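Order-wise, the sequence lines are chains A and B.
For the first sequence, my numbering assigns the number 1 to the initial residue and increments by one for each residue that follows.
For the second sequence, my numbering assigns the number 1 to the initial residue and increments by one for each residue that follows.
No lab work stands behind these hints: they were computed from the structure.
This one's a predicted model, so the numbers in the text were calculated from it and none came from an experiment.
Positions of the beta carbon are idealized from the N, C-alpha and C atoms, including for glycine.
Derived DMTMM-like pairs (lysine to aspartate or glutamate); straight-line CA-CA distance at most 25 angstroms:
| # | chain 1 | residue 1 | chain 2 | residue 2 |
| --- | --- | --- | --- | --- |
| 1 | A | K214 | B | D130 |
| 2 | A | K245 | B | D130 |
| 3 | A | K181 | A | E388 |
Partner residues aside, some chain B positions facing chain A, computed with beta carbon under 10 angstroms:
| # | residue |
| --- | --- |
| 4 | S114 |
| 5 | N115 |
| 6 | A118 |
| 7 | Y136 |
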Amino acid sequence: MSMTMAKLGMGLLLALGLGAAAADTVKVGVIMSSSGPFARWGEQFRQAIEVYQKQHGKTVKGNTIEVIYRDDGGPNPVRAKQLAEELILRDKVQFLAGFVFTPNALAVADLITEAKMPTVIFNAATGMITRKSPYFVRTSHTIPQAAVPIGQWAAKNGIKRVVTAVSDYAPGHDAEVYFSKAFKAGGGEVLESIRIPLSTNDFSPFFERILQQKPDAVFVFGPGGPPTVGLINTWASRLKPAGIKFLGTAETQQIDLPKIGRAALGVVTSFHYTETVDNPLNKALWADLQQMFGKDTVPDLASVGAYDGMHLIYKAVERFGPRPTGDQALGLWKGVAFDSPRGPVRIDEKTRDIVENIYMRRVEERDGQLVNVNFQTIPMVKDPWKEENPE
Amino acid sequence: MSALTVVLDGVAYGMVLFIISVGLTVTMGLMRVVNLAHGAFAMIGGYVAAVALGAGVPFLAAALGATLVAGLTGALAEALIYRPLYRKGELAQALMTFGFTFVVIAALTAVFGSNIKALPLPGYLSGLVDIGYRMYPAYRLFVIAFGLALAFALWLLIDRSLYGARLRAAVDNPRIARAVGIDVNRLFLLTFAGGCALAGLGGVLGSELLPLEPYYALRYLVLFLLVVGVGGVGNFKGSFVAAIALGLIDTSAKYYLPSAAAYLFYGAVLALLLWRPDGLMPARSAQ
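Please model the entire structure based on the sequences and the hints provided.
Here you go:
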């Protein structure tokens with residue numbers, strides 16, 4: 001639309017007395033880590049949001065969606081809360097979103113309850129977060145959501161004895177507990193549960209210990225980031241030759257596979273997003289990411305969390321206009337089902353948590369590239385933590 | 001036989017710690033600069049090697065190039081940043097070198113992004129070797145052999161050569177050293193560059209265990225300082241013993257008592273420093 005036409009349009013609207021109500025700016029405050037060691041999260045969020053806005057336009061029924069990015073620098077609840085206060089009080093945002101880390105999401109729970117602020121969690125994956133405020137909704141996953149299906153799968157697929165080796169922090173403990181429960185319920189035996197200190201650089205002593213116990217597989221929950229490379233390489237040189245399988249969750253995201261290298265071949269993981277999943281939304285996400293940000297851009301769990309979170313926000317503005325109340329937005333989101341690049345998803349009516357497919361995948365080489373390939377889909381998994389801890 | 005594997009793993013990890021920390025023993029220990037930017041030089045070396053490997057340069061040539069670039073960067077930094085700091089006291093040195101580290105982190109993030117940078121090992125180092133009773137990673141054997149050779153070369157250079165004697169004299173008393181005709185500035189420039197070159201080399205050879213990313217310089221700083229501190233500031237033989245000891249303690253704790261591994265490592269460091277507050281082998285000339 002040319003400027004004159006826009007002006008003409010505005011004039012008409014004003015003449016009709018509709019200007020203010022019809023076209024407005026909707027501010028979305030995204031709290032994320034875009035500096036420091038976790039800067040990749042912020043980058044992936046932002047790129048996915050920009051792709052969503054490219055695909056769906058920056059306006060919804062004439063209302064401009066403006067995204068305001070704020071950097072919490074990492075796990076820093078005090079900073080996250082302060083940013084949320086600023087976004088709500090000074091910038092007057094209509095939605096809060098983002099949150100890479102659990103403590104940062106928890107820190108804003110009371111605040112968003114008081115402000116009735118609809119808040120979309122793009123990542124933070126501890127089960128209980130959404131319980132802490134009725135205005136939370138989550139578009140990522142929870143740790144037990146992936147750990148339970150792989151425990152069940154292992155028990156059903158000839159794996160009898162497992163050693164678990166998880167990073168010694170809360171998500172690792174969750175993974176250990178829920179994997180073990182599901183695996184034992186299926187008749188499996190857990191020989192030992194090792195907790196690996198977060199400061200570990202050399203994983204070989206742990207894996208040597210596991211080698212002596214001769215399990216069928218090791219279930220690993222890594223600390224994420226750089227140590228993943230050493231973790232998988234050590235498995236490949238110590239346990240793989242002895243036929244001990246590597247079971248995991250987020251250790252083999254495609255974005256990390258080139259750094260891990262061929263050592264990752266054969267690793268079996270369960271996860272809610274497989275980069276090679278075949279659906280039109282995923283293809284469009286890949287195409288637009290690479291067209292806008294370079295051919296080396298690869299989507300990951302952060303990308304789909306942010307992309308689907310934007311979808312919820314767009315839907316709320318489409319339905320209720322530029323100023324939806326928290327209760328309107330949450331009312332719309334509860335029970336809503338939609339298609340995501342990861343596959344079909346639904347926001348649970350009661351828990352406001354995402355219900356989604358969990359994919360069993362294996363790392364393979366295709367056209368000279370290391371990728372995750374799905375070999376089984378466990379449809380529409382709910383967060384097991386909430387099933388086990390009823391309100 | 002598993003005990004032998006634990007010893008091998010422990011020595012290999014210790015050698016990685018030695019190779020990467022020995023440069024800090026030179027700059028911080030011998031020259032007595034609080035050099036918190038050691039990891040930054042190691043990282044510069046690592047990234048140079050990553051770029052070179054990406055361009056198809058063979059691994060050892062890339063490692064050599066990384067060593068040279070880290071050394072040159074060190075020489076430049078010595079002349080521009082460190083020399084004015086020698087007489088400024090430890091707080092100024094700590095602040096300045098820490099700030100320099102942040103500049104390097106930001107620069108590397110801006111150019112390469114915040115992701116891990118992989119340094120793929122060449123075929124002859126990435127495989128497994130038959131060592132009689134089992135297959136063992138070739139890389140670890142290489143690291144052990146290289147660490148021993150490096151320790152021997154440094155011993156010759158610092159304890160047995162004229163350069164070493166001059167350096168020790170210049171560190172102990174720069175004024176008298178100047179008076180007897182030693183070019184202290186040039187000596188310090190060379191030595192500092194050497195320390196940084198060793199850092200760069202360590203960044204490349206250690207990247208299997210300490211993977212490269214922009215926050216490398218801070219993530220492993222405590223580890224580098226521990227090796228130098230436990231060994232005795234200013235004594236590279238102490239660093240050698242400390243690195244091997246820490247590697248063995250860490251590895252055997254993780255193998256035999258995984259649930260207590262985190263406490264045992266730092267507990268051992270604490271006990272060692274309580275027993276010998278100046279480190280296992282304090283430098284004879286330490287003031």
